[in-house]
Amino acid sequence: EDQVTQSPEALRLQEGESSSLNCSYTVSGLRGLFWYRQDPGKGPEFLFTLYSAGEEKEKERLKATLTKKESFLHITAPKPEDSATYLCAVQAGGSYKLIFGSGTRLLVRP
Amino acid sequence: GAVVSQHPSWVICKSGTSVKIECRSLDFQATTMFWYRQFPKQSLMLMATSNEGSKATYEQGVEKDKFLINHASLTLSTLTVTSAHPEDSSFYICSARITETGLHSGNTIYFGEGSWLTVV
Chain Z
1 EDQVTQSPEA LRLQEGESSS LNCSYTVSGL RGLFWYRQDP GKGPEFLFTL YSAGEEKEKE
61 RLKATLTKKE SFLHITAPKP EDSATYLCAV QAGGSYKLIF GSGTRLLVRP
Chain A
1 GAVVSQHPSW VICKSGTSVK IECRSLDFQA TTMFWYRQFP KQSLMLMATS NEGSKATYEQ
61 GVEKDKFLIN HASLTLSTLT VTSAHPEDSS FYICSARITE TGLHSGNTIY FGEGSWLTVV
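Line by line, the protein sequences are chains Z and A.
For the first sequence, the positions run 1 to 110 when the numbering used here is used.
For the second sequence, the positions run 1 to 120 when the numbering used here is used.
Simulated from the structure, these hints should not be mistaken for lab results.
A virtual CB, placed ideally from N, CA and C, is assigned to each residue, including glycine.
Among these hints, one or two may not hold up.
[As the list claims (entries may be wrong)] A few chain A residues facing chain Z, derived, Cβ under 8 Å:
| hint | residue |
| --- | --- |
| 1 | T32 |
| 2 | F34 |
| 3 | L44 |
| 4 | T49 |
| 5 | R97 |
| 6 | N107 |
| 7 | T108 |
| 8 | I109 |
| 9 | Y110 |
| 10 | F111 |
| 11 | G112 |
| 12 | E113 |
Generate the whole structure from the sequences, applying the supplied hints.
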């Protein structure tokens, strides 16, 4: 069965304190791995799609990497506005539907 | 990025009535759209996959007669909650798939802003 596990469940950082969020996956035939940001009461906001091991993508203070078993979302020098829930999801096999992890709630304190 | 719009953002309806939520892809055509449900502090639960011009594919445990999905055009999918009950109160989110071309061809899925449904 395809599975996505995110850790930690919650993370508190001081402004400027860099860290990484983990997304481990077990799927049969990875089609793509997606990262989203979700603010309370809103729909997920697209961040990155990664397709193959070794791929990396960056956007402002965020950098996503992918291996054959997991993905990391690195946050460099975070700011309070980076506080949100970060969701990881995979597409597997011949399906386009996303299988989501439970998310990591990030709180960045000023 | 591409824009997916949902309407209404929030709706209150009486128990036993039906309510329709619209999902539109504003600047691209989407042959595939998805409908999710999200409970407080939980992740997204896929309800069904909506394909333009054909019947929706429902996930196990989702009542297709209660949650009617129509994808009549390449830019519009609708979710109708029939005979709504208080337990149907939730945050409903749609998403649409856009196909990318070029060196790293693949696909990206964009989400709408979500619709809050409260059944009283």
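Taking the hints in turn, this is what the structure says about them:
1. T32: With Cβ-Cβ at 6 Å, under 8 Å, it holds.
2. F34: holds (6 Å)
3. L44: holds (5 Å)
4. T49: holds (6 Å)
5. R97: Constraint on A:R97 satisfied, holds at 6 Å.
6. N107: holds (6 Å)
7. T108: With a minimum Cβ separation of about 5 Å from chain Z (threshold 8 Å), the hint on A:T108 holds.
8. I109: holds (6 Å)
9. Y110: Given a least distance of 6 Å, the restraint on A:Y110 holds.
10. F111: holds (4 Å)
11. G112: Where the cut-off is 8 Å and the nearest Cβ of chain Z is about 5 Å from A:G112, the hint holds.
12. E113: Cβ of A:E113 sits 5 Å from chain Z, so the hint holds.
In the structure shown, no violation is registered for any of the earlier numbered hints.
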